[in-house]
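Residue 269 in our numbering sits at position 269 of the sequence shown; the count goes up by one each step and never skips.
Please keep in mind that the hints were generated in silico from the structure rather than gathered at the bench.
Honestly, I wouldn't trust all of these hints.
Unchecked claim - DSS-like cross-link-like pairs, simulated, lysine-lysine; straight-line CA separation at most 25 Å:
1. K23 - K65
2. K352 - K367
3. K352 - K305
Claimed, not checked - Pair by pair, the computed Cβ-Cβ distance ranges are:
4. H270 - T319: 55 to 65 Å
5. P235 - K306: 14 to 24 Å
6. M143 - K63: 31 to 41 Å
7. G18 - N133: 54 to 64 Å
8. I357 - S303: 51 to 61 Å
9. D68 - R28: 14 to 24 Å
Heads up, the beta-carbon is just placed ideally off N, CA and C, and yes, glycines get one too.
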Amino acid sequence: MTTDKDYYAILGVDQKAGADDIKKAYRRLAKKYHPDANPGNPRVAERFKDIGEANGVLSDPAKRKKYDQMRKLGALGFRGARTGPRAGAQTSTNFSFEDLGGLGSFSDIFSSIFDRGKKPRPRRPSGPAKGSNVEHTAEVPFMVAARGGKITISVPITEECAICGGSGGAPGTVWKKCTECRGSGSVSFGQGGFAVNRPCPACMGRGETADKPCGACGSDGKVHQNRKIQVTVPPGVNSDAKMRLTGQGERGRKGGSPGDLVITFKVLPHRFFRREGNDIVVTVPLNLAQAALGSRIRVGTISGKKVVLRVPPGTQPGTRFRIRGQGIEREGKRGDQYVEVKLEVPDTLTEKQEQQIRDFADSAGLKW
Numbered sequence: 001m002t003t004d005k006d007y008y009a010i011l012g013v014d015q016k017a018g019a020d021d022i023k024k025a026y027r028r029l030a031k032k033y034h035p036d037a038n039p040g041n042p043r044v045a046e047r048f049k050d051i052g053e054a055n056g057v058l059s060d061p062a063k064r065k066k067y068d069q070m071r072k073l074g075a076l077g078f079r080g081a082r083t084g085p086r087a088g089a090q091t092s093t094n095f096s097f098e099d100l101g102g103l104g105s106f107s108d109i110f111s112s113i114f115d116r117g118k119k120p121r122p123r124r125p126s127g128p129a130k131g132s133n134v135e136h137t138a139e140v141p142f143m144v145a146a147r148g149g150k151i152t153i154s155v156p157i158t159e160e161c162a163i164c165g166g167s168g169g170a171p172g173t174v175w176k177k178c179t180e181c182r183g184s185g186s187v188s189f190g191q192g193g194f195a196v197n198r199p200c201p202a203c204m205g206r207g208e209t210a211d212k213p214c215g216a217c218g219s220d221g222k223v224h225q226n227r228k229i230q231v232t233v234p235p236g237v238n239s240d241a242k243m244r245l246t247g248q249g250e251r252g253r254k255g256g257s258p259g260d261l262v263i264t265f266k267v268l269p270h271r272f273f274r275r276e277g278n279d280i281v282v283t284v285p286l287n288l289a290q291a292a293l294g295s296r297i298r299v300g301t302i303s304g305k306k307v308v309l310r311v312p313p314g315t316q317p318g319t320r321f322r323i324r325g326q327g328i329e330r331e332g333k334r335g336d337q338y339v340e341v342k343l344e345v346p347d348t349l350t351e352k353q354e355q356q357i358r359d360f361a362d363s364a365g366l367k368w
């Protein structure tokens, strides 16, 4: 949709109007100029169409931002834009929303405008460049995260082809100037009255094409592979904690230093232990006799040792017992382990057991 209309003037709102003001203005004007309220009036129908078009742009934050950017361009005096109050001057901004979708960043538009008419500069050979950093999420077993240890991860890496050195051409191939971009490495596209430069798709921005492409990367200059890396997990690591491995990222271009590998840990849940800060919490089931009469139970810890815990008579469901010093050690501090008891009630009873429980309930004055 290409327009030379002032959408703010159509809705009768200020350029700094908020979303609520725009909505109110649209509803008021749409009701006034609706074709059903003005039958047989083509001017009203056209006015109603303009109101809907203006609301569609100004009520959408992304479209409104692009529209305002083009208005600013118009204020600077570019073609098809506002240049001042002199007679005969065009007083509205002319642009295309469809074209804006492929223009790229706002700085690209300026660069393209000021570069228009200049002759393509010859492509300069680039020197060594550092490889890109790689981000990867690593799943860590609960016990490894709690106690520390080593894990092996497989990281997908995209890096410069070692066979052709990233050139995309087979060793010993003959290089020729790209006929598509004439050696400049970029091509110009017309977008809504502006010229936008983009890397040449024929030569991938190199300015040259190989007579014989590299068989290892298919002339792309990059290869995709999975790299296995052993990672040392520090004790007490949490989910979302990050670790940077220097030099473990993508290989540098033309002899440049490699990038880094940034790992985000994701701690997997455990079937028995769960974590609360540096403390460990476990849930242990007790039967009616153990809870009512008291008992001794053996409880596992993250260190691998089993601790004997005394449960006093009359213990209630949800009661927590603390085992000191059996939590996670982190930064010189060690947490505790808490044992939370859960009462287990039998699913089925024999007739004799049912009668015994009734007798107990009657003697204790319990309702049933």
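Here is how each hint holds up against the structure:
| no. | hint | in the structure |
| --- | --- | --- |
| 1 | K23 - K65 | 17 Å, holds |
| 2 | K352 - K367 | 19 Å, holds |
| 3 | K352 - K305 | 40 Å, violated |
| 4 | H270 - T319: 55 to 65 Å | 22 Å, violated |
| 5 | P235 - K306: 14 to 24 Å | 21 Å, holds |
| 6 | M143 - K63: 31 to 41 Å | 52 Å, violated |
| 7 | G18 - N133: 54 to 64 Å | 40 Å, violated |
| 8 | I357 - S303: 51 to 61 Å | 40 Å, violated |
| 9 | D68 - R28: 14 to 24 Å | 23 Å, holds |
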